[in-house]
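Enquirer: So you can see what is in the structure, the chains are spelled out below.
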Amino acid sequence: MNEAKTKALAHFERMHLIRAYEEKLVALQQAGTAAGTCTSVGQEAAAVGVVAALAPEDTILTNHRSAAHLLARGANPARMMAEVLGRATGYCKGKSGSLHISVKDLGVVLTSTIVGGELSLVTGVSLSKTMLHEPGITTVFFGDGASCEGIFHESLNLAALWKLPILYVAENNQWQAFVHRREAMAAEQVVAHAAPYGIPGRSVDGNDVEAVHAAARQAAEVVRTTQRPYLLEVLTYRLRGHFEPDDQAYVDREELARWQARDPIRLLADRLRERDGVEAHELALVAERARARIEDAAAFALASPMPDAAELTTDVYA
Amino acid sequence: MNEAKTKALAHFERMHLIRAYEEKLVALQQAGTAAGTCTSVGQEAAAVGVVAALAPEDTILTNHRSAAHLLARGANPARMMAEVLGRATGYCKGKSGSLHISVKDLGVVLTSTIVGGELSLVTGVSLSKTMLHEPGITTVFFGDGASCEGIFHESLNLAALWKLPILYVAENNQWQAFVHRREAMAAEQVVAHAAPYGIPGRSVDGNDVEAVHAAARQAAEVVRTTQRPYLLEVLTYRLRGHFEPDDQAYVDREELARWQARDPIRLLADRLRERDGVEAHELALVAERARARIEDAAAFALASPMPDAAELTTDVYA
Amino acid sequence: MPTLTVFEAIDAAIAEELARDERVLMFGEGVATKRADLVARFGAGRVRNTPLAEAVIAGTAAGAAATGLRPVIDLLFAPFMTYSMDAIVNSAGKLRYISGGQFRFPMVAMAMTGAGWTVGAQHNHNNEAWFVHSPGIKVVMPSTAADFKGLLKAAIRDDNPVVFFVDMALGHVRGEVPDGEHVVPLGKAAVLRRGRDVTLVSYAKTVQHCLDAAAELATRGVSAEVIDLRTLKPLDEEAILASVRRTGRLVVVHEASKLCGVGAEIAALAGEQAYAALKGPIRRLAGPDAPAPSSHALEQAFVPQAAAIVDAALSTMPSVVAEPALS
Amino acid sequence: MPTLTVFEAIDAAIAEELARDERVLMFGEGVATKRADLVARFGAGRVRNTPLAEAVIAGTAAGAAATGLRPVIDLLFAPFMTYSMDAIVNSAGKLRYISGGQFRFPMVAMAMTGAGWTVGAQHNHNNEAWFVHSPGIKVVMPSTAADFKGLLKAAIRDDNPVVFFVDMALGHVRGEVPDGEHVVPLGKAAVLRRGRDVTLVSYAKTVQHCLDAAAELATRGVSAEVIDLRTLKPLDEEAILASVRRTGRLVVVHEASKLCGVGAEIAALAGEQAYAALKGPIRRLAGPDAPAPSSHALEQAFVPQAAAIVDAALSTMPSVVAEPALS
Ligand SMILES: Cc1ncc(C[n+]2csc(CCOP(=O)(O)OP(=O)(O)O)c2C)c(N)n1
Ligand SMILES: Cc1ncc(C[n+]2csc(CCOP(=O)(O)OP(=O)(O)O)c2C)c(N)n1
Ligand SMILES: [Mg+2]
Ligand SMILES: [Mg+2]
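Residue numbers (the working numbering), protein chains in the order written: chain A, 23 to 340; chain B, 23 to 340; chain C, 534 to 860; chain D, 534 to 860.
The set of hints was computed from the structure by calculation and includes no laboratory data. Keep in mind that this is a model prediction, so the values were computed, not measured. By construction, the Cβ of each residue, glycine as well, lies at the ideal position given by its N, Cα and C atoms. Please note that the accuracy of each hint is not assured.
As the list claims (entries may be wrong) - Dumping the calculated SDA-like pairs for lysine to any residue here, alpha-carbon to alpha-carbon at most 20 Å:
1) B:Lys185 / C:Gly578
2) B:Lys126 / C:Gly601
3) B:Lys185 / C:Val572
4) C:Lys567 / A:Glu266
5) C:Lys567 / A:Pro267
6) C:Lys721 / D:Asp822
7) C:Lys567 / A:Phe265
8) A:Lys185 / B:Arg204
9) D:Lys721 / A:Tyr339
10) C:Lys721 / B:Ala340
11) C:Lys567 / A:Arg262
12) A:Lys185 / B:His202
13) C:Lys567 / A:Ala271
14) C:Lys812 / D:Gly813
15) B:Lys185 / A:Glu205
16) A:Lys185 / D:Gly578
17) D:Lys567 / B:Pro267
18) A:Lys185 / B:Glu210
19) B:Lys185 / C:Gly563
20) D:Lys567 / B:Asp269
21) D:Lys567 / B:Arg275
22) B:Lys185 / C:Gly576
23) D:Lys567 / B:Phe265
24) A:Lys185 / B:Ala208
25) B:Lys185 / C:Gly601
To be verified - Chain C is nowhere near these chain A residues, computed Cβ spacing over 10 Å in every case:
26) Val48
27) Ala77
28) Ile221
29) Asp298
30) Glu310
31) Arg311
Model the full structure from these sequences, guided by the hints.
Expert: In structure tokens form, the structure reads like this:
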């Protein structure tokens, strides 16, 4: 099997795992078992393509829409689901819920649901790495909406001035909660803001996992060699609503349909079949395996205990 | 007398008034009579050139370094000095002090000493004008330092999206308190940030009052006709320290000397003599008149009463 | 009287005020999307979506308020107000004073908070005390649909910046709302239940917990008075003091953390100005000095519940049960 | 013992901690310019100027603290912290909890405030109560040079975010500072004067006003105890309660506004846990619910002075003077 195909299949499996995870949470939410979440449905290629380009010693910061980043990094879906369900076995003991899951052991640190929080923290994380002579770069995922918060610019400016090796990844999914990007962002693309700071950047088709991956590898390489920031914009689309449940009544049907036709998983499946000659049933098997793993995860989460009431006031002070 | 000369002489007189005002406050501060202030020494051309390009119905927002803007707009130096000295006759009854003098009657509103405060307020002021169908545009003065605060970008983005007729005037005086612009601002010029928002802009020699004035007239015209924002950057230099007293020990002597040689008042004096044939003693008379006005202003301020203790809790709630 | 949910009462207040006064407008992230009916009725200029930028949203409101408009902004969740603090505190709260009275700031900043949605500490933080502590700002936090409507209308008509908190857990709670023009003045508490033995003071969702506790206390022969503050600033000191001077006992209850919270203010007020009437120690029941947890079980434990209020009330009465040993 | 000004004591603490622990670094607007000596000694990496951007300054500190460094940031003046609230409150204060204890935030955020420089309400706002009210954060506000040094050192060594306030008026005040390693533990109040009749609790510049008042009270036969809180969070509840239980009378004094201030917390504490020992009403003396004025005359009137403290103390003692009529 050639390398591209092997990699593509790995991407495919990871993307399915993410999709299955999100769909399971949607089902649990609809059944009244889980609270709402911000799903990453439609953005799997962005997450998988970028995270696969990172090294184990690299650090990641992410936001409210983090499931794909976490799973791409290898987080255990069982502990993630347990967290979403508020269980003691969750990555954060149930104190976080879905919106700010961090997994320090995997280098996914300081997840914040304050839009822009990740951008204010990333400079410090990168500074630590630099000053403590730790290997690796720091990657931060943020949305097009976050690029409208002033902190985005404060972060870029500081990273440029202090020469911080940060890979900024703007996931431009065309939506900022219930507002279309067009209505909230005067710039056509997030990446337009990089040049004035002297920060290199580019944008890439975010629904093509191989394109994302190639661009991310190149971007990460620039960050590693220059020890300076880089801004990669991943153009994609939020296929579900902002936060479950969301009927998407405010979404333009045609636009949605256009992007649904470019579902990153479907695009990759087509390519695997057409370019790499993978049989449809093989692909179906992969999907099945992912779903089974997620069913196990959900079972674990649902069987896990709630945190003890004493946990209410632990972990406040060090 | 030709129009250019008449105008230049008016500029010259205004600039001298500002310089005399600031120098008097420095003297009072050194004598222990006044608290410290942020002087606009060296930036008189920027203020006079822009403000002279505005119409009476236009509104101005400014910041901690506002004396030049206020005096260029026709504020009474006596009431300004009274304010700085904390007197009841000050424009703000002594409650402001030097750092946030507003003069609503002159259209100089909501002055804030929070760097960036003016940028967060200007969009609302402009929105009012637009929605209440009031004539005129809104101008906001801010420093290169303010352009490093995230609010600068939030303001530009909103102004672009909501089509607000705002003239943004960045006074790039190379300093952000005790930090050189180079050390704090990755972009070479503030104006570089306008284009991504689709906002037109340009930068101009801020020590040449005629160049500033021409650029400001053109910029204001663009704002008036397009009813959209424009960013004008005025490149100048803070010739004194950040806040009196300040020995400027941290300032590069050569850079300072270079800019001192380009003192905007001296540049204009040279031009008036060389181009317009004004005699040196005529210019000296103008300067003398300005100083005399300021002496009167200081006398008024010093003779003014302190506010009554009851004022401590008035003007808190409407 | 029609019955409305709290969210409906809020919607009604906004629609009525937009209709009443042309200078009123509303904006925020998703405001136009979520209130498409108001956009249709009042035009896109008066009901606007904004970028994701709470600092400039609040700053724009302050600037607009000072120059003739009467903006209402939706800041979504209270923790997001951390981005708006300069505009609310330094500008809207102080520039009237700083300018010697040249400007006024008729604006309302709305935000949700409180346990109930398991959204965790970055969506749920009862930070109302910050604004009570800050000068020039009024603070409202109602508990009933009628008050949500009447107080929001009053807030929009007030010439000062008003921070208006919506306890998330109350959004779908129904209540009777008087027909027609219904304006509840800012600064007036409501006595929801009369009593002789102890005063329970609260606001927002824990008002109901106090009413439940009062019912339980009645079965034990204790007559509790329940005061719903409704407005946290200006605080209705008279109503509180009148009640405490009558009952001689005070329990203050809220979900916000105890330290320097509104409960501290009320307890201090009683200790200063109703000292002579006090018959027992003052009690505060409040959220712990901890961020709000997400997990439902913990989230509920965060909020003072009726049983704890009953215990606290009884502990103010040495005659009923012994006072707990002081450490 | 050498005599240092408060500013010198702060400088010494920072220099010593930079020397002691490589992970300590300091940054902020003008920090490197103003501390060029430290740049020379410790390198440009550890003492840095920043852009004018308080949000990312504080966020960077939080991010760095969570990942191995121990940053000290200078936010200059307390009102500028309005730009840093997300980083301090939502990140540094909550992410330890939210993450289930995965991170800790050993960082110090310094800011100046208080009357004395006539700089007005956007440089002078005693907002320490905001941080006392917010979970996960410690708050320090010393009054003597020795404590500035010792508490700043302790704050830098603490594994939690500490907000460290410097009352501007104290900057040039001299005091003896013990030689050598001098660390004052967080959370311990200091009893500066022993007394029997009334407890005066304060912090920062008004501590001296309390000492002056105590001296005056002594001449009138009243023995006042003076407690300097030094740390506002964790609050030394034991020290306060022990004193109040002994004297039976409490006056709390600070410059910050009264509503939901630290004084409210202390008064509430006494009303709850020292009620049985109270012999008279509690008194709070605080700044008004108004922004700080610039004009020197008004600015001084903002701050509770010794004479008012004397009156307040006497008013807690009906035996000495009549209690003022309660409205
Ligand atoms: C400071 C702040 N404001 C508002 C929100 C509410 N909110 C959560 S996600 C979101 C949209 C974010 O848009 P974007 O950054 O593009 O990310 P996306 O959700 O599209 O992935 C909003 C408005 C928030 N969490 N934090
Ligand atoms: C939010 C905030 N941060 C810091 C300060 C302190 N400060 C006052 S002026 C100033 C420098 C501002 O630089 P710039 O915007 O370039 O204006 P300039 O003073 O050069 O005119 C600083 C840091 C402040 N007033 N507000
Ligand atoms: Mg988005
Ligand atoms: Mg400057």
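Enquirer: All hints, please: hold or fail.
Expert: Going through the hints against the structure:
Restraint check for lysine 185 (chain B) and glycine 578 (chain C): satisfied, since their Cα atoms lie roughly 12 Å apart, inside the 20 Å limit. Pair hint lysine 126 (chain B) plus glycine 601 (chain C) holds up; C-alpha atoms about 13 Å apart against a cutoff of 20 Å. Restraint check: the Cα-Cα separation between lysine 185 (chain B) and valine 572 (chain C) comes to about 18 Å, which is no more than 20 Å; the hinted pair holds. With a CA separation close to 15 Å, the supplied pair lysine 567 (chain C) and glutamate 266 (chain A) stays within the 20 Å bound.
For the hint pairing lysine 567 (chain C) with proline 267 (chain A), the CA-to-CA distance comes to about 14 Å; that is within 20 Å, so the pair holds. In summary, the hint linking lysine 721 (chain C) to aspartate 822 (chain D) is supported, as the alpha carbons are separated by about 19 Å, within the 20 Å threshold. A hinted pair counts as satisfied when its Cα atoms are at most 20 Å apart, and lysine 567 (chain C) with phenylalanine 265 (chain A) qualifies at roughly 14 Å. The hinted pair formed by lysine 185 (chain A) and arginine 204 (chain B) meets the criterion: a straight-line CA distance of about 14 Å does not exceed 20 Å.
Proposed proximity of lysine 721 (chain D) and tyrosine 339 (chain A) is supported: the alpha carbons are some 17 Å apart, at most 20 Å. Pair hint lysine 721 (chain C) plus alanine 340 (chain B) holds up; C-alpha atoms about 18 Å apart against a cutoff of 20 Å. Using a Cα cut-off of 20 Å, the hinted pair lysine 567 (chain C) and arginine 262 (chain A) holds, with the two alpha carbons roughly 17 Å apart. Taking the CA atoms of lysine 185 (chain A) and histidine 202 (chain B), the gap is about 17 Å. The hint holds against a cut of 20 Å.
Under the criterion of a C-alpha separation no larger than 20 Å, the hint pairing lysine 567 (chain C) with alanine 271 (chain A) is consistent with the structure, at around 10 Å. With a CA separation close to 13 Å, the supplied pair lysine 812 (chain C) and glycine 813 (chain D) stays within the 20 Å bound. Of the supplied pair hints, the one linking lysine 185 (chain B) and glutamate 205 (chain A) holds, its CA atoms being roughly 12 Å apart against a limit of 20 Å. Under the criterion of a C-alpha separation no larger than 20 Å, the hint pairing lysine 185 (chain A) with glycine 578 (chain D) is consistent with the structure, at around 12 Å.
For the suggested pair lysine 567 (chain D) and proline 267 (chain B), the alpha carbons sit about 14 Å apart, so the restraint of at most 20 Å is met. Taking the CA atoms of lysine 185 (chain A) and glutamate 210 (chain B), the gap is about 16 Å. The hint holds against a cut of 20 Å. Distance check on the hinted pair: lysine 185 (chain B) and glycine 563 (chain C) sit about 19 Å apart at the alpha-carbon level, within 20 Å; holds. Proximity of lysine 567 (chain D) to aspartate 269 (chain B) is assessed by CA-CA distance (about 12 Å); at most 20 Å being required, the pair is judged to hold.
Proposed proximity of lysine 567 (chain D) and arginine 275 (chain B) is supported: the alpha carbons are some 18 Å apart, at most 20 Å. For a cut-off of 20 Å, the pair hint linking lysine 185 (chain B) to glycine 576 (chain C) stands: about 16 Å separates their Cα positions. At most 20 Å may separate the alpha-carbon atoms for a hinted pair to count; lysine 567 (chain D) and phenylalanine 265 (chain B) meet this at roughly 14 Å. Restraint check for lysine 185 (chain A) and alanine 208 (chain B): satisfied, since their Cα atoms lie roughly 10 Å apart, inside the 20 Å limit.
With a CA separation close to 19 Å, the supplied pair lysine 185 (chain B) and glycine 601 (chain C) stays within the 20 Å bound. No beta-carbon of chain C comes within 10 Å of the beta-carbon of valine 48 (chain A); the shortest separation is about 17 Å. Every beta carbon of chain C lies more than 10 Å from that of alanine 77 (chain A), the smallest distance being close to 29 Å; the non-interface claim holds. The claim that isoleucine 221 (chain A) lies off the interface holds: its Cβ sits roughly 21 Å from the closest Cβ of chain C, which is beyond the 10 Å cut-off.
At the 10 Å boundary, the C-beta of aspartate 298 (chain A) stays outside the reach of chain C, the nearest C-beta of that chain being 40 Å off. In this structure glutamate 310 (chain A) is separated from chain C by more than 10 Å, as the shortest Cβ-Cβ distance comes to about 32 Å. At roughly 30 Å, the least C-beta separation between arginine 311 (chain A) and chain C is larger than 10 Å, which holds for a residue marked as non-interface.
Consistency note: the structure conflicts with none of the earlier hints.
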